[in-house]
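Colleague: Just so you know, the sequences run in chain order A and B. Residues in the first sequence are numbered from 1 upward in steps of one, following this note's numbering. Residues in the second sequence are numbered from 1 upward in steps of one, following this note's numbering.
Keep in mind that the hints are not guaranteed to be accurate.
Unchecked claim - Cut-off 27 Å, straight-line C-alpha distance, at most; resulting in silico cross-link-like pairs (DSS-like, lysine-lysine):
#, chain 1, residue 1, chain 2, residue 2
1, A, Lys-23, B, Lys-40
2, B, Lys-166, A, Lys-166
3, A, Lys-166, B, Lys-190
Hint data in this document are derived by calculation from the structure and do not stem from the laboratory.
Residues per chain, in single letters:
Protein chains: 2
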Amino acid sequence: MDKKDKAYPHLAWTEISREKVFKTPIFDVYAVKRKSASGKTATFTLLECGAWVNIVPLLKNETGEDCFLMVRQYRQGSQALTLEFPGGLVDHGEDPETAALRELREETGYEAANVFFAGQINPNPAFMANRCHTFVATGLRKTSSQDLDENELVDFELVPTAAIGKNMGQGVYDHAIMTVAYFWYERWKKTSGNPAK
Amino acid sequence: MDKKDKAYPHLAWTEISREKVFKTPIFDVYAVKRKSASGKTATFTLLECGAWVNIVPLLKNETGEDCFLMVRQYRQGSQALTLEFPGGLVDHGEDPETAALRELREETGYEAANVFFAGQINPNPAFMANRCHTFVATGLRKTSSQDLDENELVDFELVPTAAIGKNMGQGVYDHAIMTVAYFWYERWKKTSGNPAK
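Generate coordinates for the entire structure from the input sequences, incorporating the hints supplied.
Modeller: The following block contains the structure:
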C-alpha cells in the first residue's frame, strides 16, 4: 500500500497465498487468496503477463495531410480485422521505448527520428498487474521491409488523423488499448504540441 | 468475415478447432487452432467472458462544480486503490443499459433520471471477444444504500470533472477501461452536449 492507501484501510486486502493454476503462451493464471480488513477471505483469479507497448507514428501523406501510420491485422479474439497503432510485448530486459521502436520497425519497416512518452496505464487492474506504455513518434522514414514474428500477418497504411476520434469503437477501430493510445496522443498534442514532421 | 474483410483475404485466419482448456470464476480459457490464408496452422489462446458495462454519472457538488460520481476500491490485479466509474459484468440475459443502471445503484445507491449510450468497444481483441458498453447518466438522486456483491468493498465520492483528463494514468486513475469511458464521455459531451443536472 502506498501512502494514499493508508487513508482507506477498510478497502484493502492482504495476500495469504498465491498459486499458479494454468500456463499459456501469452499469460499465466493465478489463484490468489486474500483477506479483507474485516477478516473475510476470498480467492481471486489473476493473469500475469509482461508489459505491453504501442506507438503513435505521425507523418504526412502525399497530399500533405497529417496521418497516423497504422497496422491492419486479423485479431484472433474478435475474429475480425482491426486498424491499430503498431505495438506488442516488451521483451524480457527491454525498456518500453526500445520495445515500441522495435515494434514500429518490425511491423512497418519505419524508423523514427524523435520519440516522446505519451502515457502509461494498467490495462485492467481487476485481474492484471502489467502496464501498457504509449509513445508518439515523429520524423519517420522507411528504412527496411517488415520483419514479422511467426504467425504475424500485418499490413500497414497511412490513416488521416482527423478520421480516428469519431470512428473509435466502430468497424476496424475496435480495441480499447488503441483508444487509450489515441487519448494519450491527443493529450500529448495539447501539452507538447509537436507537429508531424 | 464481413464485407470489409473480403478486401484483405491474405490477413484472415480460419478456425479448425476450439478446446476449453481452463475454467475460472471470471473467464474461461480456450486453445483455438486456426489456419492462415497461406495454409500455416497455429494455436491461439483466447479468453471467453461476458460483456462489461460502466456508467459515467454526472452531478454537481455542494459548491455547484461539475462532478463525476466515482467508486474507490482495492483492485486485486494491481494491488492498489483506484477511482473509477461504477461498472461491472452484464448478467446473463440482461441488456447493457439495465446492467449499467443496476451497477450504479448497487455501488452507490443512486438512480438516474436520464441515461445516454456513449460508446462500446472490445477490451482487447487480441485474446478477447466480449464488449464493454459505456453510458452517461444525469438527473441523479440517492434512493438507497449500497447493495454490494460478496467480496465487493467500495466507497463512492464526487470528483470534479476538470481533474480527470490530466490525471489519467497516474495514482488512482490507473485503469485503461476507465480512460476509454472518459474518452466516450468527452466525445458525448462534444456531440450531445447535455450538461450535468
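Colleague: For every hint, state whether the structure bears it out.
Modeller: Cross-check of the supplied hints:
With a C-alpha separation of about 24 Å, the suggested pairing of Lys-23(A) with Lys-40(B) holds against the 27 Å cut-off. Between Lys-166(B) and Lys-166(A) the CA atoms are separated by roughly 21 Å; this keeps the pair inside 27 Å, and the hint holds. Between Lys-166(A) and Lys-190(B), the direct Cα distance comes to roughly 11 Å. Compliance with the 27 Å bound is thereby established for this hinted pair.
The earlier numbered hints are all upheld by this structure, with none contradicted.
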